[in-house]
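Q: These protein sequence lines are chains Y and D, in that order.
As numbered in the numbering used here, residues 82 to 209 make up the first sequence, in order.
As numbered in the numbering used here, residues 65 to 447 make up the second sequence, in order.
Keep in mind the hints are simulated off the structure, nothing from the lab.
We put the beta carbon where it would ideally sit given N, CA and C, even for glycine.
Mixed in with the good hints there might be a few duds.
[To be verified] Simulated restraints on C-beta separations: (1) D:Met-128 to Y:Glu-193: 39 to 49 Å; (2) D:Ala-188 to Y:Ala-153: 24 to 34 Å; (3) Y:Glu-172 to D:Arg-184: 22 to 32 Å.
[What the hints assert, rightly or not] Below, computed lysine to aspartate or glutamate pairings styled on EDC-like, alpha-carbon distance capped at 20 Å: (4) D:Lys-362 to D:Glu-223; (5) Y:Lys-180 to Y:Asp-162; (6) D:Lys-199 to Y:Glu-172; (7) D:Lys-199 to Y:Asp-162; (8) Y:Lys-186 to Y:Glu-101; (9) D:Lys-199 to Y:Glu-196; (10) Y:Lys-180 to D:Asp-422; (11) D:Lys-199 to Y:Asp-173; (12) D:Lys-199 to Y:Glu-175; (13) D:Lys-199 to Y:Glu-193; (14) D:Lys-168 to D:Glu-223; (15) D:Lys-199 to Y:Asp-195; (16) Y:Lys-123 to D:Asp-313; (17) D:Lys-291 to D:Glu-412; (18) D:Lys-291 to D:Asp-422; (19) Y:Lys-180 to D:Asp-313.
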Amino acid sequence: MPPAAVSPLATYIQHLEKGELAYQVSPSSSQVVFYPRLVCPKTGAADLQWRVSKGLGTVHATTAVHPQQGAAYNVALIDVDEGFRLMSRVEDIEPTAVKIGQRVKFRVHPAEGDEPPYPVFTPAESAA
Amino acid sequence: MSLTRGSAVIVGAAESDIGAVAALMSPLDLMAQGIQRALEDAGLGLQDVDGLFCATTQARTSAMSLAEYLGLPDAYTDSTIVGGSSFEIHVAHAQAALQAGLCKVAVVTYGSTQRTVGRRAASAREYNPYETPFKPFLPASAYAMAASRHMYEFGTTREHLAEVAVAARDWALLNPAAWEKKPLSIADVLNARMISDPLTVRDCCLVTDGGGAIVLTTADRAKSLQKKPVYVLGCGQSITHASISSMPDLTHTGAIASGAQAYQAAGLKPSEIDVLALYDAFTINTILFLEDLGFCPKGEGGRFVEGGRIGPKGDLAVNTNGGGLSYCHPGMYGLFLLIEAVRQVRGECGARQVADVDTAIVHGNGGVLSAQATVILGGPATM
Chain Y
82 MPPAAVSPLA
92 TYIQHLEKGE
102 LAYQVSPSSS
112 QVVFYPRLVC
122 PKTGAADLQW
132 RVSKGLGTVH
142 ATTAVHPQQG
152 AAYNVALIDV
162 DEGFRLMSRV
172 EDIEPTAVKI
182 GQRVKFRVHP
192 AEGDEPPYPV
202 FTPAESAA
Chain D
65 MSLTRGSAVI
75 VGAAESDIGA
85 VAALMSPLDL
95 MAQGIQRALE
105 DAGLGLQDVD
115 GLFCATTQAR
125 TSAMSLAEYL
135 GLPDAYTDST
145 IVGGSSFEIH
155 VAHAQAALQA
165 GLCKVAVVTY
175 GSTQRTVGRR
185 AASAREYNPY
195 ETPFKPFLPA
205 SAYAMAASRH
215 MYEFGTTREH
225 LAEVAVAARD
235 WALLNPAAWE
245 KKPLSIADVL
255 NARMISDPLT
265 VRDCCLVTDG
275 GGAIVLTTAD
285 RAKSLQKKPV
295 YVLGCGQSIT
305 HASISSMPDL
315 THTGAIASGA
325 QAYQAAGLKP
335 SEIDVLALYD
345 AFTINTILFL
355 EDLGFCPKGE
365 GGRFVEGGRI
375 GPKGDLAVNT
385 NGGGLSYCHP
395 GMYGLFLLIE
405 AVRQVRGECG
415 ARQVADVDTA
425 IVHGNGGVLS
435 AQATVILGGP
445 ATM
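Next up, chain Y with everything else stripped away, as it sits in the complex (with noise of 0.2 Å):
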């Protein structure tokens, strides 16, 4: 394996800055592959090569957690249609209305100070 150049969150936070959500894959083994890494689980293939996501998922698990002080949020995974799972929030609706199997598409959540973009959700326009 040659030195990395860039690591797998920087690349993935520069498809952020673009509007991206960036995953990978393993072409020998067919494996989809989140968080980014530099080396294939279970097959230790260095082969993981980017995509971007069309950025469409359904929420796997939610919970609204209930700090002591302020608002109620929501934190969800989301499996995302191309075969990914990740941790994100659904925004743009109640915390505690969030439901399993509801479809849910990407936006990013733009940097602040020193904390990069990520990618949240929102409630997809047509229930698929």
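For this one, chain Y is given, so just place chain D on it according to the hints.
A: Showing chain D alone in chain Y's frame:
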């Protein structure tokens, strides 16, 4: 070489001070106190100890710190840390070391002053660029999402979750060492402050201080000691993920694999287990582990615990000390599961003693349903 059934024996077990400990006590103080008490229980002294197995979130190099504290430069050491199940894994590692002759008397120990110093100070959370931006209230939110899936897939209800908390409390009321002293009802659990939906504060483990130790030695050495020997019959482990977003299946844990390994090594099946000690960091845990360790079919755990079935008046004895929910939970609870199981096998549990205990299953959970480790223990009748 594989681990031989019964080659290691637990010959001493004790808690350190637990609950809220004296000001400025350190995690190492609690380890030392637990070791001193467990050695006294075993009829051994510190000069007999040549194996140290330890974990705490409050010392980065806990084996080094413990070797210094106890003045044991030559001890064989292992400070594997995978969260709350670290100590079940230490039992397997100690068994391997005893069997290989790397040590003759091993202590497995833990100490935490989480309540005194605060949860954040005791266990700083690592930044995860794929999770931290969403501010999950960890670990609770991870277990809440697993619960959300269990409810969605199997029709488990918040009342089912509450049954687990109530059973734990009913057991705790029989344990003088338990933190919680007042009765708890299903309604109390449902109406408690919501933490991370669907889990209320009563679905979540306590935040206490505490520590302790167990002492293990070889089967030969155990014969000359004072307490009824408690044999390590089988161990298993499975680490399926570290972060909840990487858990392969939120309703099927690594306990399926770790339990199968332990049952096979022990030559036992679930119906032959007399007492269960299951890591109940959250109420959903107990339901998942009852299923994954074969005490009820997958998906039936919620209905299985209805009607106080796992409480003191029920037909399956689970978490007889009151568990992490009502007895004690200093952050990595796995050692206390072992202590209680040893006491049940010995018949030392007083008002909460289960009749005729020959076998116990101890199941540790670390991280966010991440590191699963099972130990099956048995009394002399099992050998």
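Q: Next step is simple, just say for each hint if it's right about the structure.
A: Hints, one by one, checked against the model:
Judged by the Cβ atoms, the range 39 to 49 Å given for Met-128 of chain D and Glu-193 of chain Y holds: they are separated by roughly 40 Å. The hint said 24 to 34 Å for the Cβ distance between Ala-188 of chain D and Ala-153 of chain Y, and at roughly 25 Å that hint holds. Here the CB-CB span from Glu-172 of chain Y to Arg-184 of chain D is close to 27 Å, well matched to the stated 22 to 32 Å. About 18 Å separates the Cα atoms of Lys-362 of chain D and Glu-223 of chain D, which keeps this hinted pair within 20 Å; it holds.
This hinted pair checks out: Lys-180 of chain Y and Asp-162 of chain Y have alpha carbons roughly 17 Å apart, not beyond 20 Å. Straight-line distance between C-alpha atoms of Lys-199 of chain D and Glu-172 of chain Y comes to about 14 Å, which keeps the hinted pair within the 20 Å bound. With a C-alpha separation of about 24 Å, the suggested pair Lys-199 of chain D and Asp-162 of chain Y falls outside the 20 Å cut-off, and the hint is violated. Under the criterion of a C-alpha separation no larger than 20 Å, the hint pairing Lys-186 of chain Y with Glu-101 of chain Y is consistent with the structure, at around 12 Å.
As the CA atoms of Lys-199 of chain D and Glu-196 of chain Y are separated by approximately 13 Å, the hinted pair is consistent with the 20 Å bound. Straight-line distance between C-alpha atoms of Lys-180 of chain Y and Asp-422 of chain D comes to about 46 Å, which puts the hinted pair past the 20 Å bound. Between Lys-199 of chain D and Asp-173 of chain Y the CA atoms are separated by roughly 17 Å; this keeps the pair inside 20 Å, and the hint holds. In summary, the hint linking Lys-199 of chain D to Glu-175 of chain Y is supported, as the alpha carbons are separated by about 17 Å, within the 20 Å threshold.
For the hint pairing Lys-199 of chain D with Glu-193 of chain Y, the CA-to-CA distance comes to about 15 Å; that is within 20 Å, so the pair holds. As the CA atoms of Lys-168 of chain D and Glu-223 of chain D are separated by approximately 48 Å, the hinted pair breaks the 20 Å bound. With a C-alpha separation of about 16 Å, the suggested pairing of Lys-199 of chain D with Asp-195 of chain Y holds against the 20 Å cut-off. At roughly 17 Å between alpha-carbon atoms, Lys-123 of chain Y and Asp-313 of chain D fall within 20 Å of each other, so this suggested pair holds.
Annotation: proposed proximity of Lys-291 of chain D to Glu-412 of chain D holds, straight-line Cα distance about 11 Å (limit 20 Å). Between Lys-291 of chain D and Asp-422 of chain D, the direct Cα distance comes to roughly 15 Å. Compliance with the 20 Å bound is thereby established for this hinted pair. Distance restraint check for Lys-180 of chain Y and Asp-313 of chain D: the Cα-Cα separation of roughly 18 Å lies within the 20 Å cut-off, and the hinted pair is therefore satisfied.
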